[in-house]
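Asker: What follows is the residue order along each chain.
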Amino acid sequence: MGLRGWRRIGFYGVCAALLVWTIFPVYYMVMLSLVSWEDLFKPRLYVVNPTFENYLQTFAQSNYFVSQFWAQLYNSVAIALMTTAAVLVIGTLGSYALARIRFRGSRAIQNMTLFTYIIPSSFLCIPFFKLMADYDLIGTKLSVILVMITFASPYAVWILWDYGKTIPPDIDEAAAIDGAGPLAVFFRIYLPLILPPMVAIATYAFLYSWNEYLYAVLFLSGEKHITIPVAMGNFLATDDAPWNILMTVSVLYSIPPVIFYYCFRRHLVSGLVSGAVTGV
Amino acid sequence: MNETAVAAAPVATARPEPWLGRALLGLTFCGPLVAVFLALVLYPIFYMIYMGLDWDIYDAIFDDPIFIQTLWNTVIFVGVAVNVKMFLALTLSALFSVESRISRILSGLLLLPWAIPSLPGILAFRWMLNGQWGIVNKILNDLGLEGYPWLVRRPTAIAAAVVYHIWKYLPFWTLIFVAGRRSIPKELYEAGEIDGTAPLQKFRYITFPMLRNLYMICSLLSMVFTLGDFVIIKIMTGGAPGDSSHVLATLAYRYAFQMGNIDWAVGTFMTALPITLLFIFILMRWVK
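Protein chains in written order, with my numbering: chain H, 1 to 280; chain W, 1001 to 1288.
Pulled out of the complex, with its shape left as it was, chain H reads as follows (with noise of 0.2 Å):
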């Protein structure tokens, strides 16, 4: 498509104008990761003496802040790892029976889904408190990943089911004609069948999880149990924090979701769009 003359200037305008917009913060972010102590208080557009004493420090553990990165990063990834896993166990299982099985009451499944997915997670989190404290839960890794797997796990079915819906059923006919119990249709038809969207989905739980703040505040305490987020959160209480090292943090705490958004970019936006899409 050719533009010309001042729609030309326009559309060159506001690329240039979002490139800034979305980049700055985050070359922002990365450059305070490169300052020393002093330079973070001169403020400059530009890092003129860098240095990775803050990312040797994160990795030596050897500021008061960071003490604990090793323990705080191994409880955000376990955490992270469980609920994918019971993501996978839950939504496969459930897709499976949504796409595949005519049933009474498959209506009403889909419902609740629906409504979980919508629900904003936080409106929840009184009762949860007292859930996890009335099962003495509270500080322990399976308070956290249960919530996680509560709001994970419904768009898991969704896109598993929208994806399981396209599986001729003839497949599973023949299978069964062949004296093939469903048990053995999910595992050796369905499974196969749903793993491409199945990355997707193991990503999308992985980061839910990772990225969650709120919950992992209210349910996990101390230094070497908390994850990385609440220990990121911590640093705001006091007043003389060191911020190089909170933006060191924040550039380590984020490469992981940048590189799965990356790889799996095509996966996550059609499968978010087809949910979105489609629906109307």
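Because the hints were derived from the structure by calculation, they are not lab data.
Hints are not guaranteed to be accurate.
Unchecked claim - Covered stretches of chain W, as calculated for chain H (at least 3 residues, CB under 8 Å):
#, region
1, 1027-1040
2, 1046-1060
3, 1105-1113
4, 1116-1128
5, 1225-1236
6, 1261-1274
To be verified - Within a straight-line C-alpha distance of at most 20 Å, the following computed SDA-like cross-link-like pairs (lysine to any residue) qualify:
#, chain 1, residue 1, chain 2, residue 2
7, W, K1168, W, S1103
8, W, K1186, W, R1212
9, H, K165, W, V1287
10, W, K1186, W, A1094
11, W, K1168, H, Y262
12, W, K1168, H, I255
13, H, K42, W, I1135
14, W, K1138, H, L34
15, W, K1168, H, N211
16, H, K165, H, R188
17, H, K224, H, T140
18, H, K130, W, F1257
19, W, K1168, H, L252
20, H, K165, W, T1028
21, H, K42, W, V1136
22, W, K1138, H, L40
23, H, K130, W, L1038
24, W, K1186, W, V1098
25, W, K1168, H, L19
26, H, K165, W, L1027
Idealized CB from N, CA, C, for every residue including glycine.
Add chain W to chain H, keeping to what the hints say.
Answerer: Same frame as chain H, but now just chain W:
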């Protein structure tokens, strides 16, 4: 009845599948999902409603000026952030549906705010807006303007939260609208071209009517999501100055976990629950 139906009949009767058997099978496969829903969605909701049945709570919180101010903050935050974002997303989606190398590269880079988790982004904004050492005031000073204590004044603190929200979520919704535009049949535009329709008229008579439903659904969905937002205000302002910039979730958190007043926190969410449920049910009907 034709031949194929007759031929197919024996197969169907060979493996009779009564509805009860299928229902049991379906519910078995959905078992974990249903269990999670009952124990971790339905039960907490009713637990909260049960805790919120005490009318004294509402007498107390509606007497708290901070609560009233928080309701207004939430309405402003959600109303402005979501609507400005959606309007911009719809506008920008036009830019990205122009097929060119630049828009393809740009759409890749635009994903960055969406890919980066909330906390790092909010913290970067917070430091950039810092009154003493922030780059925003530094640039203003270099231009010969006065700096401003952005996060220490209520209007600009809420505005900062709005700006961050738009920065973070604009890319995602833009992509949704790009996909929406791509699903509009090309023939409509070709027909318009033959009739000599001007670009603005094309938007008015073809694009907008085709995207109207999507736009409404996305706006409402985003409003419900944003209504429960906790992390933006918590990390950007922490409710400062003087608890004047709270939204529902951060105020409830303060009531429950900093003041030890769980009932007031329940009351805060319960006040917003009717309108939230109404929005959710409208959405569920639309999305069907």
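Asker: Assess, step by step, whether the Cα of K165(H) is no farther than 20 Å from the Cα of V1287(W), and give holds or violated.
Answerer: Holds: K165(H) and V1287(W) sit about 17 Å apart, inside 20 Å.
Asker: Assess, step by step, whether the Cα of K1168(W) is no farther than 20 Å from the Cα of I255(H), and give holds or violated.
Answerer: Given that 20 Å is the threshold and the Cα spacing comes to 16 Å, the pair holds.
Asker: Taking only the CA atoms, is the gap from K42(H) to V1136(W) under or equal to 20 Å?
Answerer: Roughly 13 Å separates the two Cα atoms, so the pair holds.
Asker: Has the region 1225-1236 of chain W got at least three residues whose CB is nearer than 8 Å to a CB belonging to chain H?
Answerer: holds (count 8)
Asker: Hinted pair, alpha-carbon criterion (20 Å max): K165(H), T1028(W). Please report holds or violated.
Answerer: Holds: K165(H) and T1028(W) sit about 19 Å apart, inside 20 Å.
Asker: Hinted pair, alpha-carbon criterion (20 Å max): K1186(W), R1212(W). Please report holds or violated.
Answerer: holds (17 Å)
Asker: Is the straight-line distance between the alpha-carbon of K1186(W) and that of V1098(W) 20 Å or less?
Answerer: Given pair K1186(W), V1098(W) holds - Cα atoms ~13 Å apart, limit 20 Å.
Asker: Is K130(H) close enough to L1038(W), meaning Cα to Cα at most 20 Å?
Answerer: holds (16 Å)
Asker: Apply the coverage criterion to the region 1046-1060 of chain W and chain H: a residue qualifies when its Cβ sits closer than 8 Å to a Cβ of the chain, and three qualifying residues are needed.
Answerer: Coverage by chain H holds here, the residue count being 3 at a Cβ distance below 8 Å.
Asker: So if I understand the rule, the pair passes when the alpha-carbon distance is 20 Å or less; does K165(H) with R188(H) pass?
Answerer: holds (17 Å)
Asker: Hinted pair, alpha-carbon criterion (20 Å max): K165(H), L1027(W). Please report holds or violated.
Answerer: holds (18 Å)
Asker: Are K1186(W) and A1094(W) close enough, with their CA atoms no more than 20 Å apart?
Answerer: holds (14 Å)
Comparing the model with each numbered hint stated earlier shows that all of them hold.
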